[in-house]
Amino acid sequence: MKAFGINQYGNSNVLQEYQMPMPQIGADEVLVKTNAFAINAFDISVRNGVFRNSVTLLFPFILGSDAVGRIVKVGKNVKNYHVGDDVMAHPGLGAYAEFFKVATAHLGPLPSISEPYEAAGLPLSGITAYNVLVHTAQVQAGQTIAILGASGGVGSLLVQMAKALGLYVLGTDVENAREHVLSLGADEFGGYDSERVRDKFSRMADVLIDATNNGVGGVAGVEIIKDNGTYVSLTSLPTERYTRPNVTFKQTIPNPKYLDSDAFFAISLMIRNHQLHVPVSQLKPFTLEGIIEAQNIVEHNCTDGKVIITL
581 MKAFGINQYG NSNVLQEYQM PMPQIGADEV LVKTNAFAIN AFDISVRNGV FRNSVTLLFP
641 FILGSDAVGR IVKVGKNVKN YHVGDDVMAH PGLGAYAEFF KVATAHLGPL PSISEPYEAA
701 GLPLSGITAY NVLVHTAQVQ AGQTIAILGA SGGVGSLLVQ MAKALGLYVL GTDVENAREH
761 VLSLGADEFG GYDSERVRDK FSRMADVLID ATNNGVGGVA GVEIIKDNGT YVSLTSLPTE
821 RYTRPNVTFK QTIPNPKYLD SDAFFAISLM IRNHQLHVPV SQLKPFTLEG IIEAQNIVEH
881 NCTDGKVIIT L
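Residue numbers (my numbering): 581 to 891.
Keep in mind that the hints were calculated from the coordinates and are not lab data.
Bear in mind that the values here come from a model prediction, so they are computed numbers and not experimental data.
C-beta atoms are modelled at their ideal positions from N, C-alpha and C, and glycine is treated no differently.
The reader is advised that the hints may include incorrect statements.
Stated by the list, open to error - Computed spacing ranges between beta-carbons, pair by pair:
#, residue 1, residue 2, range
1, Val-799, Met-602, 46 to 54 Å
2, Asp-842, Leu-891, 46 to 54 Å
3, His-854, Lys-582, 34 to 42 Å
4, Ser-782, Lys-582, 32 to 40 Å
5, Ser-841, Lys-613, 15 to 23 Å
6, Glu-695, Tyr-598, 25 to 33 Å
Claimed, not checked - Listed next, the in silico DSS-like pairs over lysine-lysine satisfying Cα-Cα at most 30 Å (straight line):
#, residue 1, residue 2
7, Lys-830, Lys-864
8, Lys-656, Lys-613
9, Lys-613, Lys-864
10, Lys-656, Lys-681
11, Lys-837, Lys-653
12, Lys-830, Lys-743
13, Lys-659, Lys-743
14, Lys-582, Lys-656
15, Lys-613, Lys-659
16, Lys-837, Lys-659
17, Lys-864, Lys-806
18, Lys-780, Lys-837
19, Lys-681, Lys-806
20, Lys-837, Lys-743
21, Lys-864, Lys-837
22, Lys-613, Lys-582
23, Lys-656, Lys-837
24, Lys-681, Lys-837
Assemble the whole structure, with the sequences as input and the hints as a guide.
In structure tokens, the structure reads:
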């Protein structure tokens, strides 16, 4: 089968096309024929070697942490899924391919939406957003939440999920994202390149989620969070946190106790209730050139939505 991955760390030029054997599934896994997959910032971090000191990759390594497709084979212990089922999946690796395998714990039924490829942008970003809100921040209806980087892949889903959970949402991003973020459901918006958001939203947020690249929103964020509030960063915590001793600071860390299947259930419910959709910026073909171009777009933040590869 055709697949795309890396044989060394580096920029997008290290991506290569491979002919790989069909994945062999275990008893609790299914084999999925890929229909579409998203390009995520996580894929680029893997390609760049960000995790090389903590995770050893076996090259060639096929990238791709989430996708949608149709089940073509099931393991002997699989009871709730069948050949022919359309699913969204979070395999963690191997989705840049014509087929991939995934355990049922990281699988969910494909929700009914007008554009099935839209769901390809849901698994990693949606699971992250759900776990941050429900498990890490433990949000409650009626709270005010500030979301920094509100137009990004995770940020845009955080805005919508927070509204679905009954929170008042303050969104911040670049000024030209104002209308987009408000259209997602944010109650108020601050453009950090056009106004002083730390003053505009000073001490307003019970909960703050920093979804900016590398936590660059931290300087403003420490001024937006209330005393006794909860500040959650998807990447690095702000050095300025020491100026706010009454704030609880948390860094997002993957936890195997948080089941992907639980997040998929909540995501599907929000979609059925018309509370959640995935902004898709661009579709690219399943070619080496298409994937290189898509990764470059995501790496350089040249998009207000997900970049999807379609097969």
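Tell me the numbers of any earlier hints that the structure contravenes, in ascending order. 2, 4, 7, 13, 17, 18, 19 and 21
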